[in-house]
Amino acid sequence: MQEMKKKNRKRMRHWYVPFLFLLPHLIVFVCFNLFPSLAGIYAAFTKWDLGKAPQWIGLENLKTIFTDQSSLFYWELRWGLRNTCLFVLIAVPFRIIVPLLLAAALNSKCPGYKLYQTIFYLPALLSLSVVMGAWNYMFNTNYGIINNFLGLGNLSWTKTVPLNWAAIIIITVWWGTGSNMVIYQAALAGIPADILEASRVDGANCVQRFFRIVLPAMKYPISYTLAMSMIAEFNVWGQPGMFNKGGPVVEIVNGFARNSNMMLMQYIRDAGFQGAYGSNPGIASAMALILGCIMVVVSLIQVHLMQKNS
Amino acid sequence: MEKRRTKMLQKRNLSAWLLSMVLAVIAVCWIMPVVAGAFTSFKSNLEVKMFARDLNLIPHNWTLENYEYVVNYPTLSIYKAMGNTVIVCIVSIVLTLLLCTMSAYGFERFEFKGKETLFWTLFTLSSIPNVVALVPQYTFYTWLGWIDRLPSIIAPTVADVFYIFLIRNFMKGIPKELEEAARIDGAGELKILALVEAPLLKPVLTIVGIFKFSGAWNDFLWPSIAITTPTHSTITPAIRLLNDSYGGMPERLLAGCMLAMLPTLVVYLVFRKQFLKGLDVGSGVKG
Numbered sequence: 182m183q184e185m186k187k188k189n190r191k192r193m194r195h196w197y198v199p200f201l202f203l204l205p206h207l208i209v210f211v212c213f214n215l216f217p218s219l220a221g222i223y224a225a226f227t228k229w230d231l232g233k234a235p236q237w238i239g240l241e242n243l244k245t246i247f248t249d250q251s252s253l254f255y256w257e258l259r260w261g262l263r264n265t266c267l268f269v270l271i272a273v274p275f276r277i278i279v280p281l282l283l284a285a286a287l288n289s290k291c292p293g294y295k296l297y298q299t300i301f302y303l304p305a306l307l308s309l310s311v312v313m314g315a316w317n318y319m320f321n322t323n324y325g326i327i328n329n330f331l332g333l334g335n336l337s338w339t340k341t342v343p344l345n346w347a348a349i350i351i352i353t354v355w356w357g358t359g360s361n362m363v364i365y366q367a368a369l370a371g372i373p374a375d376i377l378e379a380s381r382v383d384g385a386n387c388v389q390r391f392f393r394i395v396l397p398a399m400k401y402p403i404s405y406t407l408a409m410s411m412i413a414e415f416n417v418w419g420q421p422g423m424f425n426k427g428g429p430v431v432e433i434v435n436g437f438a439r440n441s442n443m444m445l446m447q448y449i450r451d452a453g454f455q456g457a458y459g460s461n462p463g464i465a466s467a468m469a470l471i472l473g474c475i476m477v478v479v480s481l482i483q484v485h486l487m488q489k490n491s
Numbered sequence: 014m015e016k017r018r019t020k021m022l023q024k025r026n027l028s029a030w031l032l033s034m035v036l037a038v039i040a041v042c043w044i045m046p047v048v049a050g051a052f053t054s055f056k057s058n059l060e061v062k063m064f065a066r067d068l069n070l071i072p073h074n075w076t077l078e079n080y081e082y083v084v085n086y087p088t089l090s091i092y093k094a095m096g097n098t099v100i101v102c103i104v105s106i107v108l109t110l111l112l113c114t115m116s117a118y119g120f121e122r123f124e125f126k127g128k129e130t131l132f133w134t135l136f137t138l139s140s141i142p143n144v145v146a147l148v149p150q151y152t153f154y155t156w157l158g159w160i161d162r163l164p165s166i167i168a169p170t171v172a173d174v175f176y177i178f179l180i181r182n183f184m185k186g187i188p189k190e191l192e193e194a195a196r197i198d199g200a201g202e203l204k205i206l207a208l209v210e211a212p213l214l215k216p217v218l219t220i221v222g223i224f225k226f227s228g229a230w231n232d233f234l235w236p237s238i239a240i241t242t243p244t245h246s247t248i249t250p251a252i253r254l255l256n257d258s259y260g261g262m263p264e265r266l267l268a269g270c271m272l273a274m275l276p277t278l279v280v281y282l283v284f285r286k287q288f289l290k291g292l293d294v295g296s297g298v299k300g
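Protein chains in written order, with our numbering: chain U, 182 to 491; chain W, 14 to 300.
There may be inaccurate statements among the hints.
Dumping the calculated PhoX-like pairs for lysine-lysine here, alpha-carbon to alpha-carbon at most 25 Å [unchecked claim]: (1) 215(W) x 185(W); (2) 290(U) x 24(W); (3) 244(U) x 233(U); (4) 340(U) x 426(U); (5) 228(U) x 244(U); (6) 426(U) x 290(U); (7) 128(W) x 204(W); (8) 62(W) x 126(W); (9) 128(W) x 185(W); (10) 185(W) x 489(U); (11) 93(W) x 20(W); (12) 290(W) x 295(U); (13) 286(W) x 290(U); (14) 290(W) x 290(U); (15) 489(U) x 126(W); (16) 185(W) x 20(W); (17) 295(U) x 24(W); (18) 215(W) x 126(W); (19) 286(W) x 295(U); (20) 20(W) x 290(U); (21) 400(U) x 185(W); (22) 215(W) x 204(W); (23) 215(W) x 295(U); (24) 340(U) x 128(W); (25) 204(W) x 489(U); (26) 489(U) x 400(U); (27) 400(U) x 126(W); (28) 189(W) x 128(W); (29) 215(W) x 189(W); (30) 426(U) x 62(W); (31) 189(W) x 204(W); (32) 189(W) x 126(W).
By construction, these hints were calculated from the structure, which means they are not laboratory data.
Could you put together the complete structure from these sequences and hints?
Shown next as structure tokens:
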């Protein structure tokens, strides 16, 4: 006992020991995550030509993208944000409900459930370009599986407006189901079987059991996956980018073409690096900041929930 | 009573089989893009174009010409891209596990002033979305001379605070007595972490590793910007290049996809159990 105290005292003496453990992570975090993020926030308030030092211009960029209708970036922000929000609003509920139903079905341990589970999870492991390669073939107008098996003729999934949205949502849900499904399965497995059994004996039917027992027990996993899925989908750009390159032009406003499936992330990337209208890193950073702020709101709600739970 | 019970069991058995059949149908549709892709990658271009007439999923004449084409593609080596991805995966997993475990140990097993404030400040700062850093990141890595090289892909993925959170919460459930015993035996803190704690942390470290694996394998936006030479690319942007250049020949792109998928499939089938165990977020967070 005494020796332990001595050791503890010895441990106390080196006040810096805990920091030695925190430091490696802290250094990497500050250099490669925090610093670029802060630089990005700063850049949003600058006029920045690549190769030159950014110049502080205050709220000028934000004023341009929010109010200047003669600027391309004004329209890009509107269109991009609208498409991204629409995408999140449609895709995220499916990304919760589909894996929840599959997890509930698999939880019954019906014959063959292990094989089904393996199959349902599989797409989550594929990289996006493989996913898009496979689905581009499925949706291919002339040679594709869907059109030919369902006898849809020459229906174009990439160019017809509500259909390209449906296709992108289907692909996203297919890709994103597995990761949420295993989280729900772990939570479902944690519900004691005797509680379910007791409610069954008491005459609760399947639907009642789901809403009264299962859903309350899943409150935390669902809110976690909801936040994670929302953040992931706000970042969307690869699916429409590789499916139909942002989709067909549906409208021309002030000489600027609006594509049906262009997401804000694609506009940010174009403005920042290689857009048709030249790069404008300051504006790109300002648009990124707006998208980032939306995601922060989602994250803050999540942090709040976690702190409340822990 | 006994009779009723058997009846109930029979009923349940029947509904289990019904459910199984429904799931089987869903599973067939679910796996269809992968299966169709796999079969089509062995078809000749002629057969792909005749699909509308023949409706044959399985090729009449199996051919390897698409694979030969992809493997010998002039400006891009698929093996090189896979090798790059493996390097990125391994380095990123090892560094993440190392840094996050050390940090979690520092936060969980020591007391110092402002500990919780520091932790939650870090956690909050880490929720600044990556998109905000996207533009300056490029300038930053150009300045470092890392653009077009693998470290530029690895560096931003390593210091994930969420994993510290996960590991730390898991650590809360491990009794301190073992460490104390090791400490009395004169082991240093690093030794305690490596030899006493780490083996007990295996379940949570496996989950972090698996998260990291799919993250690194699928990372797309930043690598597609940071890597400008196709031969330096990881697999996801590389396949995208194939996608852009193939146009009317889906079977060639699909051959590339199948090659890119293969390593993931192998890892998945070997570690199937760990992948499917999932993350028990509820208990993981409550500790």
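Checked hints:
1. Of the pairs offered as hints, the one joining residue 215(W) and residue 185(W) holds, with about 14 Å between alpha carbons and a cut-off of 25 Å not exceeded.
2. A distance of roughly 15 Å separates the Cα atoms of residue 290(U) and residue 24(W); the hinted pair therefore holds under the 25 Å criterion.
3. Distance hint between residue 244(U) and residue 233(U) is fulfilled; the C-alpha atoms sit about 22 Å from each other, no more than 25 Å.
4. The suggested pairing of residue 340(U) with residue 426(U) holds, with an alpha-carbon distance near 10 Å, which does not exceed 25 Å.
5. Proposed proximity of residue 228(U) and residue 244(U) is supported: the alpha carbons are some 13 Å apart, at most 25 Å.
6. With a C-alpha separation of about 42 Å, the suggested pairing of residue 426(U) with residue 290(U) is violated against the 25 Å cut-off.
7. At roughly 23 Å between alpha-carbon atoms, residue 128(W) and residue 204(W) fall within 25 Å of each other, so this suggested pair holds.
8. The hinted pair formed by residue 62(W) and residue 126(W) fails the criterion: a straight-line CA distance of about 70 Å is larger than 25 Å.
9. Restraint check for residue 128(W) and residue 185(W): satisfied, since their Cα atoms lie roughly 15 Å apart, inside the 25 Å limit.
10. Annotation: proposed proximity of residue 185(W) to residue 489(U) holds, straight-line Cα distance about 17 Å (limit 25 Å).
11. For the given pair, residue 93(W) sits about 61 Å from residue 20(W) by alpha-carbon distance, which is inconsistent with the 25 Å threshold.
12. A distance of roughly 12 Å separates the Cα atoms of residue 290(W) and residue 295(U); the hinted pair therefore holds under the 25 Å criterion.
13. This hinted pair checks out: residue 286(W) and residue 290(U) have alpha carbons roughly 16 Å apart, not beyond 25 Å.
14. A threshold of 25 Å between alpha carbons decides the hint, and for residue 290(W) with residue 290(U) the separation of about 15 Å falls inside it, so the pair holds.
15. Restraint check for residue 489(U) and residue 126(W): satisfied, since their Cα atoms lie roughly 22 Å apart, inside the 25 Å limit.
16. For the suggested pair residue 185(W) and residue 20(W), the alpha carbons sit about 48 Å apart, so the restraint of at most 25 Å is broken.
17. At most 25 Å may separate the alpha-carbon atoms for a hinted pair to count; residue 295(U) and residue 24(W) meet this at roughly 22 Å.
18. Under the criterion of a C-alpha separation no larger than 25 Å, the hint pairing residue 215(W) with residue 126(W) is inconsistent with the structure, at around 30 Å.
19. For a cut-off of 25 Å, the pair hint linking residue 286(W) to residue 295(U) stands: about 10 Å separates their Cα positions.
20. Taking the CA atoms of residue 20(W) and residue 290(U), the gap is about 20 Å. The hint holds against a cut of 25 Å.
21. For the hint linking residue 400(U) to residue 185(W), the alpha-carbon distance of about 23 Å falls within 25 Å, and the restraint holds.
22. A distance of roughly 16 Å separates the Cα atoms of residue 215(W) and residue 204(W); the hinted pair therefore holds under the 25 Å criterion.
23. For the given pair, residue 215(W) sits about 24 Å from residue 295(U) by alpha-carbon distance, which is consistent with the 25 Å threshold.
24. Between the alpha carbons of residue 340(U) and residue 128(W) the distance comes to roughly 55 Å, so the proposed pair goes past 25 Å and is violated.
25. Of the pairs offered as hints, the one joining residue 204(W) and residue 489(U) is violated, with about 34 Å between alpha carbons and a cut-off of 25 Å exceeded.
26. Distance hint between residue 489(U) and residue 400(U) is fulfilled; the C-alpha atoms sit about 13 Å from each other, no more than 25 Å.
27. With a CA separation close to 34 Å, the supplied pair residue 400(U) and residue 126(W) exceeds the 25 Å bound.
28. For the proposed pair residue 189(W) and residue 128(W), the alpha carbon gap of about 19 Å is at most 25 Å, so the pair holds.
29. Restraint check for residue 215(W) and residue 189(W): satisfied, since their Cα atoms lie roughly 17 Å apart, inside the 25 Å limit.
30. Restraint check for residue 426(U) and residue 62(W): the C-alpha separation of about 23 Å stays at or below 25 Å, so the hint holds.
31. Only pairs whose Cα atoms come within 25 Å are accepted, and residue 189(W) paired with residue 204(W) is accepted, the gap being roughly 15 Å.
32. Note on residue 189(W) and residue 126(W): the hinted pairing holds, with a Cα-Cα distance of about 21 Å set against a maximum of 25 Å.
The structure fails hints 6, 8, 11, 16, 18, 24, 25 and 27 (numbered hints given earlier, in ascending order).
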